[in-house]
Every structure is written in C-alpha cells, then in structure tokens.
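Q: What follows is the residue order along each chain.
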Amino acid sequence: MVNINNYIDIVGKEIIDGLFIISEKLEGKMIQHINSTSVGGGVAEILTRMIPLLKQLNVESRWDVIKGDEKFYAITKAFHNALHGVPTKFKKEEFEYFVEVNMHNSNEMIFDGDLIFVHDPQPICLVEKKIKSKKKWAWRCHIDFTNPQNDVMTFLEKYIEQYDCSVFSAPAFSRKLKIPQVLVSPSIDPLSDKNKELPEETIRNIVEKYGIDTSRPIVSQISRFDYLKDPVGVIEVYKKVKKYNDCQLVLAGGGATDDPEGMKVLDEVKEASAGDEDIHILFLPPSSDIEINALQRASTIVLQKSLKEGFGLTVAEALWKGKPVIAGAVGGIPLQIKHQYSGILTYTIDGTAFYLKQLLNEPNFAKEIGLNGKNHIKDNFLITRHVRDYLLMFLSLLNEGDVIYFDN
Amino acid sequence: MEYYLPVLIGRKASNIYELIEGIKAVPAASIYYHTHKFLKQHHYLVPEPPNDFAYWIRNVLTQPKLSEMIAGINIAGYNNLEDLRKKMLEIFNSNGIAGYEINCLKGFEFQFMSCKTFWFKYKYEPVNLKEFYEILQKIDISVFYASIFSSKLRMGKQKNDFSEWFDTIGETELSEQVSKIDPYTLTLEGLRNKILNLILKYGKHK
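In the order they appear, the protein sequences are chains C and L. Numbering follows the numbering used here, in which position 371 of the first sequence is assigned residue number 371; successive positions increment by one, without gaps. Numbering follows the numbering used here, in which position 166 of the second sequence is assigned residue number 1166; successive positions increment by one, without gaps.
If you are wondering where the hints come from, they were derived from the structure by calculation, not from laboratory data. Glycine is no exception: its CB is placed at the ideal position from the N, C-alpha and C atoms. Be a bit skeptical, because a hint or two may be false.
[What the hints assert, rightly or not] Result set (DSSO-like, lysine-lysine): computed pairs, CA atoms no more than 30 Å apart in a straight line:
hint : chain 1 : residue 1 : chain 2 : residue 2
1    : L       : 1106      : C       : 77
2    : L       : 1024      : C       : 367
3    : C       : 176       : L       : 1024
4    : C       : 378       : L       : 1157
5    : C       : 270       : C       : 242
6    : L       : 1087      : C       : 338
7    : C       : 55        : C       : 176
8    : C       : 135       : L       : 1121
9    : L       : 1012      : C       : 158
10   : C       : 29        : L       : 1123
11   : L       : 1123      : C       : 13
[Stated by the list, open to error] To spell it out: a stretch of chain L is covered by chain C in this simulated footprint if at least three of its residues, at any positions, have a beta carbon under 8 Å from a beta carbon of chain C; those stretches are:
hint : segment
12   : 1004 to 1012
13   : 1115 to 1124
14   : 1138 to 1146
Given only the sequences and the hints, what does the whole structure look like? Please build it.
A: Okay, here's the thing in structure tokens:
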C-alpha cells in the first residue's frame, strides 16, 4: 500500500501537510463510498487508490459495491449512452427494473457512514434511504451531462435532488438543480502501477512482447473499447496519416464488469483493422496497469479521440508521462488541454489526421506541448489535489456559508 | 491557509449581454473565483490573463480589445469585490455595444461558477523576520491566497497580511515594498521569490 508521505517527492511536503490540516476537521466522521463495480473503469480505479489515502489521513472510509445482474447492467449501459446524448429508447419496465435492483441493494446494505458518497447513476436510488438515516448524502456524477436524453434525465433528477450535494467533473455538466453543485475534477495517481516511472528496459520488453517495433513511431489510443471513444475513427485517422508518415497504431484497452458492450466494439475494431500488420489491437485484462504504463511511455503520440467523455483520465495519464496528446474537445478534456499549448484539441477525423501528421513531423513542438501538459497535470490533476477537494467537499456538507473559518 | 472548492451555479452566457447580466447577478464569491482561478491553476506559468471573463471574450467571442480592457483592470488596487464588479460593468457600458449580441457556438458558453472558501490557521507562527524568511521558503502556496489576495479583496484590509505583520515588528520599509507588489502580474512561485528577495534587500533584522 502506498504511504501518503511517498507523494512528498512529487508534490512537495507543504501539500501533504495541508491535507493533514484539513483532515483534522473531519475527525470522528466516517465516509461511505458506494458504486457499481470494484474492478475496471475510472471510478473503481480512483476509489482503489483514494480510500487507503483517506484512511492514512485519519478519515475513516469504507467502499461498498451494489450488486446487479446482466439485465441491470444492460439498462445502466443504455442509460450511460442516453446521458451522453446517444438516442436510446426505454420501456417503462426498464426504469422499474432499475429501481427494483436499487431497492434490493438498499435493503441489504448498511448505511452507517456519516457522509454517504454515491458514485454515478447505477446506485442513485439508494438515496431513498436518506429520509430514515438523516445523514449527509452526496452524489458524484462522473459522466458528461451536456446533452442528456430528456426521459432519463427527468427520471434521474427525481433522485439527484434528494441528495444534499451533487459533484460534477466539468463546469459544462452542471444542471439547473435545487441542490448545491460542486466541481471536483478526477485525478491520476503518479505512484500507481499505471503511472509510476518505469525503467527503459521494462518498457521495451513489454512493448516488444506485443510485436510492436520500438524503432518506429508509435501512435496509440489506450482506452476502453467503447463507441464513445471512437476506436474505428482512430483507425481512419491512422489510415489517412499512414499515406504520408510511417507509423504504427496501438489500440489497447480493457473492459469494465459493468460494460457489456465492449466485446461488440472490439469485433468492429478488429474488422476495421484487418490486413494491416502495423495496427496492434490489444484487449488487456484488468491487471494490465504496468503494460498500459509501458505502452503510453513508448508512444510517440497519444490519441484520445473521444466523441463523448466524462473526464478522460487517459489524457491526464499520457500528459503526466510528458507525451504530446491529440484529443477530442469533449467532456473534461479541454480542462486538461489548452489547444496548442498543452496538447491538441480536435473535433473531426480530418483535423485529427492533420495534427497527427504535424506532430510526427515537428518533434520539437510535440515535445514542448508534452512538457507543458505534464506541468499542468502536476498542478491540477494528481490524486493529492483530488483528496483535498473531497475533504473540502465533505467539510462543505458539515459547515454552511461561502467562507468557512477554522481558527484552531 | 486558503483552499477553495469550486461551486457550479448552473448559469451560463452565450453573448456579452448575457455575460453582463450574469456579472450583475452572481454572488461576490463568483467574481472572486473568475478573477483568480487561472492563478491557482498555473502555479509556475500563467499562459493567459488571470481572468476568466477576459479569456472567454478573447478566445471564444474573439473580441481582443474588450478582453484586454477587462484583463487590464488593476485588481491589486481594489479592496472589495463589489467595486471590482462595478468596474467591470463600467467597462462593458463604456465600450459601446458592437458585437454584444453575437452568440458563441453551442458548447462554448461561459459557465458561471462560484467557490466555497476555507481558511485554516497555519501551524507555523514566526516570531522574527529570520523565521518568517525560513517559513516562506517552504510554505504551501495556499497561504498566499489568504494573506495576499483575500486579505485585501475579501477582508477589506488596506494592506496584505504580510505587510501588516512586517509593520508590527518594525520593518516598515519592507512592509511598504511588499505592499507595492502587484501580485496579479506574477506567478505564485514568482511572488514567493519576489518577497524573499525583498526581505533580503530591505529587512533590517534578517
């Protein structure tokens, strides 16, 4: 387990001291996190790293996961797509089944936290328990809410407004709600297997294990196989660029246990890449963090051509490694990249192909924006900032007013 | 030490008229947030003026002159947020209304935000200038918000906290020199180094 003091070398002692000063004000309070999966996806990843750190800061924390069957997760995946603006039709029974699974979980779960922190729509109806518990409840939305489908949004809002506070990842996701809304950007952990420094030899061994040639440019997109990450669009970009620049494309990613669509997308990606030996499709198991780290570090340029995005932590991961990143200007990605300063923001396949050629042809410019990106991530998107924001959010639920003083 | 938690207020603007109406209506904490956020995000390098309004006017509405007028407000000269709000509205009124009605593209609206601010007492209390210098070298940058930016703009003080303390230990010239700094034209690390250098240059009991 990582010791919180190990972050001192990265962010400085003063930042860690600050966390202890804030966390003292939460002494005796227990935070209960609830989500829908313990493995795979950004939420589980953050909670896995965050909860031990909160405990080391003397903030008691627990993590509970709701249970659901295949039918439930098919509905929640459809909700996810509809909230991202993908037109999806729902039957009344699907909403009813969603509530039924939530109610079943709420009857089995013990809500003994002083603050109940529910993540994403899957467990959202658990808040019905709030009336009896009289504890503070916060709902954390990790997805892009800029253009949600009305029926799903109306359904969810009934529950969201029962919480004491909602937490969003980007300003554009905020809604007209009757409850307070705060902004907490997610983060990456610089000491995790996915982001820690790796010896050159380890990187080379891992990359060559997959048959990738380390002597030629490597363009990668390392992300879940999901329509909203547009992996087929990435192959189109690569094919346009390949006519002018020698490069290899690596599409690598895994799947989350709450995402039944992944295999279908993977099949389409394999079909689109058939016949080109320079395209490497890697479906990685959940325990592949070191491999992901090595693939990102070996990349010449990293793409994240998302069509919709919650926050896009893979962008932060690549920027932290000093890589030039070309990414879709959606969700939380513009918070991480200022166009042509700390990366490249694009909207189309042609635009992405243009900038990819430019960065391959201008390595000095690519290096400069990669370094700017790394500094921006260091200042704003590492887990230590995320822990601080959560501590402040917990304090905001316990203390009223725009300015809160702690004078001892 | 000052920390802040960004608060989303669900209000946005698509053109200058809507921006003006928003600036009139939002809480003072929102004005503070939008005129200080960039400083907090870029500790070592500030690529744009530390003013969200100016940034949006320039980069989204492509009105560089109006943007520069907003960015050029001497925030260091203000000791309350309401006067700062009035000054911005005066600039919008005096600039004429050409282009004020032109909407930005969907998805590029100005998102009004606010913040909840937390002040914590810092654990180190220097008893002399030498100790102050040592602490300032290693202190968390969040101390600068409470002691330099907020003390004037949100507490209404005539001097920042550092200068006030220098006065109490008889370091009046140092106090005056630190008061003269415009902290909005420096990065936070630059501000730290500037004050450290002023202590070495003007401090009598260092």
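Q: Taking 30 Å as the top limit, are the C-alpha atoms of residue 1012(L) and residue 158(C) close enough?
A: Roughly 23 Å between the alpha carbons, so the hint for residue 1012(L) and residue 158(C) holds.
Q: For residue 176(C) and residue 1024(L), compute the direct alpha-carbon distance and say whether it is at most 30 Å.
A: Judged against 30 Å, a Cα distance of about 19 Å means the pair holds.
Q: For the segment 1138 to 1146 of chain L, do three or more residues have a beta carbon lying closer than 8 Å to a beta carbon of chain C?
A: Check passed, 5 qualifying residues.
Q: Quickly compare the C-alpha distance for residue 378(C) and residue 1157(L) to 30 Å and report which way the hint goes.
A: Violated: residue 378(C) and residue 1157(L) sit about 33 Å apart, past 30 Å.
Q: Does residue 29(C) pair with residue 1123(L) here, judged by a C-alpha cut-off of 30 Å?
A: holds (23 Å)
Q: Is the Cα-Cα distance between residue 1123(L) and residue 13(C) 30 Å or less?
A: With a Cα-Cα distance of about 14 Å, the restraint between residue 1123(L) and residue 13(C) holds, given a limit of 30 Å.
Q: Against the 30 Å threshold, does the CA-CA distance of residue 135(C) and residue 1121(L) hold or violate the hint?
A: Holds - the C-alpha atoms of residue 1121(L) and residue 135(C) are around 28 Å apart, at most 30 Å.
Q: Residue 1024(L) and residue 367(C): Cα distance at most 30 Å?
A: violated (43 Å)
Q: Are the Cα atoms of residue 1106(L) and residue 77(C) separated by 30 Å or less?
A: holds (26 Å)
Q: Is the hinted pair residue 55(C) and residue 176(C) satisfied, with a Cα-Cα distance of at most 30 Å?
A: violated (34 Å)
Q: When you check the alpha-carbon spacing of residue 270(C) and residue 242(C), does it fall within 30 Å?
A: holds (18 Å)
Q: If you count the residues of the segment 1004 to 1012 of chain L with a beta-carbon closer than 8 Å to a beta-carbon of chain C, do you get 3 or more?
A: It holds, with 7 qualifying residues against the three required.
Hints 2, 4 and 7 from the earlier list are contradicted by this structure; the remaining hints agree with it.
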